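Guided by the hints, dock chain S with the ligands onto chain Y, whose structure is given.
Protein sequences, first through last, are from chains Y and S. Note that numbering that gives the first Met the number 0 numbers the first sequence so that position 279 is 278, with each residue one more than the last. Note that numbering that gives the first Met the number 0 numbers the second sequence so that position 218 is 217, with each residue one more than the last.
Derived by calculation from the structure, the hints in this document are not laboratory data. Note that the structure is a prediction, hence the values are computed from the model and not measured. Errors might be hidden in some of the hints.
[Claimed, not checked] No more than 30 Å apart at the CA atoms, straight line, and that leaves these computed lysine-lysine pairs for DSS-like:
hint	chain 1	residue 1	chain 2	residue 2
1	S	K237	S	K248
2	S	K85	Y	K207
3	S	K184	S	K70
4	S	K85	S	K117
5	S	K222	S	K28
6	S	K222	S	K128
7	S	K137	Y	K207
8	Y	K207	S	K195
9	S	K184	S	K195
10	S	K85	S	K222
11	S	K128	S	K117
12	S	K128	S	K85
13	S	K184	S	K28
14	S	K117	Y	K207
15	S	K230	S	K66
16	Y	K207	S	K128
17	S	K248	S	K70
18	Y	K301	S	K137
19	Y	K2	Y	K12
20	Y	K207	S	K114
21	S	K248	S	K66
Take a look at the letters that make up each chain.
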Amino acid sequence: MDKIKRQLTSSSKATRQDRIGKLVAFLCTFLIGLLVVSIFYMVASRGLATFFKDHVSLWDFLSHQNWNPSQVGKDGTPEVGALPMIVGSFSVTVLSAILATPFAVSMALFMTEIAPKRGQKVLQPVIELLVGIPSVVYGFVGLTIVVPVVRALGGGTGFGILSGTLVLFVMVLPTITSMYVDSLRSVPGFYREAALALGATRWQSIYKVILRASVPGLLTAIIFGMARAFGEALAVQMVIGNASLLPHDLISPASTLTSVLTTGIGNTVMGTLPNNALWSLALILLLMSLAFNLLVRVIGSKGRLTK
Amino acid sequence: MANIITTRNVRLYYGDHEALHGIDLDFPKNQITALIGPSGSGKSTFLRCLNRMNDLVSGVTITGSLKLDGKDIYSPQTDVVALRKKVGMVFQQPNPFPFSVFDNVAFGLRLAGIKDHKLIQERVETSLKQAAVWEEVKDNLTDNALSFSGGQQQRICIARVLAVQPEIILMDEPTSALDPVSAGKIEELLLDIQDKFTVAIVTHNMQQASRISDRTAFFLDGKLVETGSTKQLFMAPKQEATSDYLNGKFG
Ligand SMILES: Nc1ncnc2c1ncn2[C@@H]1O[C@H](COP(=O)(O)OP(=O)(O)OP(=O)(O)O)[C@@H](O)[C@H]1O
Ligand SMILES: [Mg+2]
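Here chain Y stands alone, though its shape is the one from the complex (with noise of 0.2 Å):
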């Protein structure tokens, strides 16, 4: 009697690996956690120094356009006026990704719907193939040959949004691409069996059904290839030129939040205004890739049923 209470009372085996397992998986959950709760904090507490430290109105710093935070204004202020690099960024993001989306579409309907088979044995492979290429690679490729063909189209010197953005637009096509790919598989084949059996075309059962039942996750996947765009510092700063002037045109020099870190980082001391006003450079895209995670967080909630 003794023994039988005394095996239900004291844990088996299983239960006490069951345990382990679930300390293991909580403490690496812990520690992920902290590590992106203390990037927060680390990139929150410099980027904010700059107004609260400095006291930069966080209205001019969003405003101004003159960028050179280590001298001081007309007005007494130092020059860090960020908008031509947010303005930047936003232009050559928004831009890549409405050029982007349309080849990206065809591609994936190309791949799933058109010709499923040959669609995988070539694209399938390319897209892969650009997705693993280095950014430094595509810069070069974009500062040898787009550079000059801008330069010789449009004139000026080849530098500025217009090069960025089709460097990104080679960038992003691959992640939209892909994404789209996935959620085109995800659309129930038996839509495209009632459709065609209603008296639809093929075509129709296409444009009228799947990418219908699709937009959710064609969205999801422009706004990654847009989060992308917006993070990427190196090709983008070998072909925009990287001038802190509000752009005018498409072609000529501009900057981005991205490149202004990486070309300036280096030179700034730690603790000083011209580095805190990096940091909150960095803050901007920190927060920007929270916004478009939400989004297609809210996204995704708002298609489930369309799923």
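Chain S with the ligands in isolation, oriented as in the chain Y frame:
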């Protein structure tokens, strides 16, 4: 009673495998014909010949003659799109599009190029009423069709087919994924619409076949063993295989 669909010596091959061995089956206008038989006997395969859904399966060859209103379904001149508008299909699993109820039912009408919003509205309403689901969805026409119960979804799918005003409706086990109450509602609605439409229904449920169908066809191993009025086939089957099947000896 005139036959709307006549088929003679229909053979179908999946690659080299002959799945239908010469089927002769006619569908009288405005009657419900039930297709029964054990699993794998070729009921779905035959049904899908009638609206050419088997065209989507690669490696399928079909011989013999299949006629809708006297016109060859498989002639090269046949417009498959027009054929499928005349021969609607309801599937085993409810498969509404992930759109609103209204857009689902209006889908076929918009495909047909109907722009008149009032006409579309009228047809959507009539079809949902015919499909006996209007009362349940009329206040939520803009809700996603997937947010309704399986039985409601299946009736929405039936409404979607009815809206196109087909001549014949093919149903492949339309109630097998549903609870008995929902299945009963679908049986009722079939009886209500049968004077306007011709129905061919595959079912594994003998009671269902006997309750709703005018004629029954018994399939076995890719052959049509026996066909006749439902009463005759159930009360006095001519073939031994039929009576064995009805008595649950196999299948
Ligand atoms: N796409 C296909 N490719 C190859 N063979 C198939 C295909 N579909 C069906 N078959 C074969 O054709 C035969 C008839 O199948 P079918 O689906 O028509 O039977 P069924 O009577 O509808 O059965 P169930 O009652 O289970 O639905 C079976 O032997 C099946 O294996
Ligand atoms: Mg079947």
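### Query
Against which earlier hints does the structure fall short, listed by number upward?
3, 6, 17, 21
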